[in-house]
Amino acid sequence: AQRVTQPEKLLSVFKGAPVELKCNYSYSGSPELFWYVQYSRQRLQLLLRHISRESIKGFTADLNKGETSFHLKKPFAQEEDSAMYYCALSPWGGGKLIFGQGTELSVKP
Amino acid sequence: NAGVTQTPKFQVLKTGQSMTLQCAQDMNHEYMSWYRQDPGMGLRLIHYSVGAGITDQGEVPNGYNVSRSTTEDFPLRLLSAAPSQTSVYFCASSYDSTPSYEQYFGPGTRLTVT
Chain A
483 AQRVTQPEKL LSVFKGAPVE LKCNYSYSGS PELFWYVQYS RQRLQLLLRH
533 ISRESIKGFT ADLNKGETSF HLKKPFAQEE DSAMYYCALS PWGGGKLIFG
583 QGTELSVKP
Chain B
1120 NAGVTQTPKF QVLKTGQSMT LQCAQDMNHE YMSWYRQDPG MGLRLIHYSV
1170 GAGITDQGEV PNGYNVSRST TEDFPLRLLS AAPSQTSVYF CASSYDSTPS
1220 YEQYFGPGTR LTVT
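Keeping their order, the protein sequence lines are chains A and B. Here the first sequence is numbered in this note's numbering, starting from 483 and rising by one per residue. Here the second sequence is numbered in this note's numbering, starting from 1120 and rising by one per residue.
No lab work stands behind these hints, which were simulated from the structure alone. Among the clues, some could well be false.
To be verified - Sample of chain A residues lacking proximity to chain B, with all beta carbon distances greater than 12 angstroms (derived):
hint: 1; residue: L493
hint: 2; residue: S494
hint: 3; residue: S508
hint: 4; residue: F541
hint: 5; residue: D544
hint: 6; residue: H553
hint: 7; residue: F558
hint: 8; residue: Q560
hint: 9; residue: P591
As the list claims (entries may be wrong) - Derived DEER-like restraints, expressed as beta-carbon distance ranges:
hint: 10; chain 1: B; residue 1: D1215; chain 2: A; residue 2: R485; range: 21 to 31 angstroms
hint: 11; chain 1: B; residue 1: N1181; chain 2: A; residue 2: E561; range: 33 to 43 angstroms
hint: 12; chain 1: B; residue 1: Y1220; chain 2: A; residue 2: T550; range: 23 to 33 angstroms
hint: 13; chain 1: B; residue 1: E1221; chain 2: A; residue 2: P557; range: 19 to 29 angstroms
hint: 14; chain 1: A; residue 1: K497; chain 2: B; residue 2: V1131; range: 36 to 46 angstroms
hint: 15; chain 1: B; residue 1: T1233; chain 2: A; residue 2: S537; range: 42 to 52 angstroms
hint: 16; chain 1: A; residue 1: Q560; chain 2: B; residue 2: L1198; range: 44 to 54 angstroms
A virtual CB, placed ideally from N, CA and C, is assigned to each residue, including glycine.
One chain only, chain A, in its complex shape (with noise of 0.2 angstroms):
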């Protein structure tokens, strides 16, 4: 079954502190996998996808195969970074895509 797990519903650290959003993935392939985020009073955008191996707002994502992650990682965190962040998955030719739960990341001053 293809499905996105993102195991924190909160995550609150301090500005300045990194930041480690998990994201765990099942399925039987090769997905695309994508990072978007949802600032408040915003719509949900795209922040970052595997296929581009791009850092944006300092934040990247590794693609472990072994593991079926794709954790999303910041060295250190701003306020402006709080948000409710979704990991999701693409199968291949399909178009859709298929979300975790959301973790909303909280960074305090």
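Position chain B relative to chain A; hints supplied.
Same frame as chain A, now just chain B:
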């Protein structure tokens, strides 16, 4: 470009009523989809379309109907509203269905069924 627009922003329905949630995009995207967002469950795919005249079911299609007569519009119809359909609904679009292309989301419609 307005991007992906959705109307209305808020709606309250009584059980058994029907309504249509509107979604439009002005980016000439072929792929469009509808999701519902529920607390603790993330976003779940309701229906999607890979082009005008072509639609298919997603993970949670029961109680919803869609059609795609133009590239720009992808309305979602609730046939007989139930309290279980209380949710936030998001429309999304992308250039095509391959993961290479970013999906753009609308601002959402918050629906309450009493």
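Hints versus structure:
1. L493: Its Cβ never comes within 12 angstroms of chain B, the nearest being 15 angstroms, so this holds.
2. S494: holds, 18 angstroms
3. S508: holds, 14 angstroms
4. F541: holds, 16 angstroms
5. D544: holds, 18 angstroms
6. H553: holds, 17 angstroms
7. F558: Holds: least Cβ distance 26 angstroms, greater than 12 angstroms.
8. Q560: holds, 23 angstroms
9. P591: Holds, since 27 angstroms exceeds 12 angstroms.
10. D1215/B - R485/A: 21 to 31 angstroms: Holds: the Cβ-Cβ distance is about 25 angstroms, inside 21 to 31 angstroms.
11. N1181/B - E561/A: 33 to 43 angstroms: 42 angstroms Cβ-Cβ, so the 33 to 43 angstroms window holds.
12. Y1220/B - T550/A: 23 to 33 angstroms: holds, 24 angstroms
13. E1221/B - P557/A: 19 to 29 angstroms: holds, 25 angstroms
14. K497/A - V1131/B: 36 to 46 angstroms: Because 40 angstroms falls inside the window, the suggested range holds.
15. T1233/B - S537/A: 42 to 52 angstroms: Between T1233/B and S537/A, where Cβ atoms are some 46 angstroms apart, the hint holds.
16. Q560/A - L1198/B: 44 to 54 angstroms: This hint holds: roughly 46 angstroms between Cβ atoms.
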